[in-house]
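First residue of the sequence shown? That's 3 in my numbering, and the numbers climb one at a time after it.
Keep in mind that a hint or two might mislead.
Just the calculated beta-carbon pair ranges, DEER-fashion [unchecked claim]: (1) 22 - 95: 42 to 50 Å; (2) 53 - 92: 24 to 32 Å; (3) 72 - 104: 38 to 46 Å; (4) 23 - 95: 16 to 24 Å; (5) 40 - 91: 14 to 22 Å; (6) 104 - 61: 17 to 25 Å; (7) 22 - 84: 43 to 51 Å; (8) 110 - 87: 25 to 33 Å.
Think of the hints as simulated: they come from the structure by calculation, not from any bench. The model shown is predicted, which means the values in this text are computed figures rather than measured ones. Cβ coordinates follow ideal geometry from the N, Cα and C atoms, glycine included.
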Amino acid sequence: VDALIDTGASINVIATSVLQCIPFQPHLRPTTTQVYTFGSAKPLPLVGVFTTLLSHEGQSIPAKVFVTTMGSDMLLSCRTAEQLNLISFAFSVHLGTVENLLTEFQSLFDGIGCL
């Protein structure tokens with residue numbers, strides 16, 4: 003099954019319409035988890051949850067997948083996508099020197115009441 007990566011999602015979600023196309027039907031367990039889509043005040047209607055192995059290019063990981071009656075896709079959470087090496091984040095912070103800051107923001111450091 004193809005899936006969309008949602009870097010804002012904290013869980014994996016599959017629509018019942020997609021789940022019906024899978025040759026095997028996983029055993030759904032009931033869930034009391036409440037899931038909200040971005041900006042929504044109403045929880046997503048969940049049918050249940052199952053655990054399965056998700057694979058990409060020979061790498062497999064166990065993952066919980068929540069089933070909903072809404073939508074028509076499968077969404078992978080940010081964490082799952084990272085674990086499958088589908089995405090990666092490169093955090094880079096450039097710290098300027100004091101001299102560079104004084105030069106760049108010279109007007110802030112001149113006169114009465116200077117910082």
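Given the range 25 to 33 Å, decide if the beta-carbon distance of residue 110 to residue 87 lies inside it. 44 Å, violated
Whether the CB-CB distance between residue 104 and residue 61 falls inside 17 to 25 Å: For residue 61 against residue 104, whose Cβ atoms are near 49 Å apart, the range 17 to 25 Å is violated.
Does the Cβ-Cβ separation between residue 22 and residue 84 fall within 43 to 51 Å? 28 Å, violated
Quick check on a hinted range of 24 to 32 Å for residue 53 and residue 92, using CB atoms only. With Cβ atoms ~31 Å apart, the hint holds.
For residue 40 and residue 91, compare the CB-CB distance with the range 14 to 22 Å and indicate the outcome. 20 Å, holds
Could one say that the CB atoms of residue 72 and residue 104 fall in the range 38 to 46 Å? 55 Å, violated
Using the Cβ atoms, figure out if residue 22 sits within 42 to 50 Å of residue 95. With Cβ atoms ~46 Å apart, the hint holds.
Indicate whether the distance between the beta carbons of residue 23 and residue 95 respects the range 16 to 24 Å. Violated, since residue 23 and residue 95 (Cβ atoms, about 44 Å apart) do not stay within the stated range.
Hint compliance for this structure: hints 3, 4, 6, 7 and 8 are broken, all remaining hints hold.
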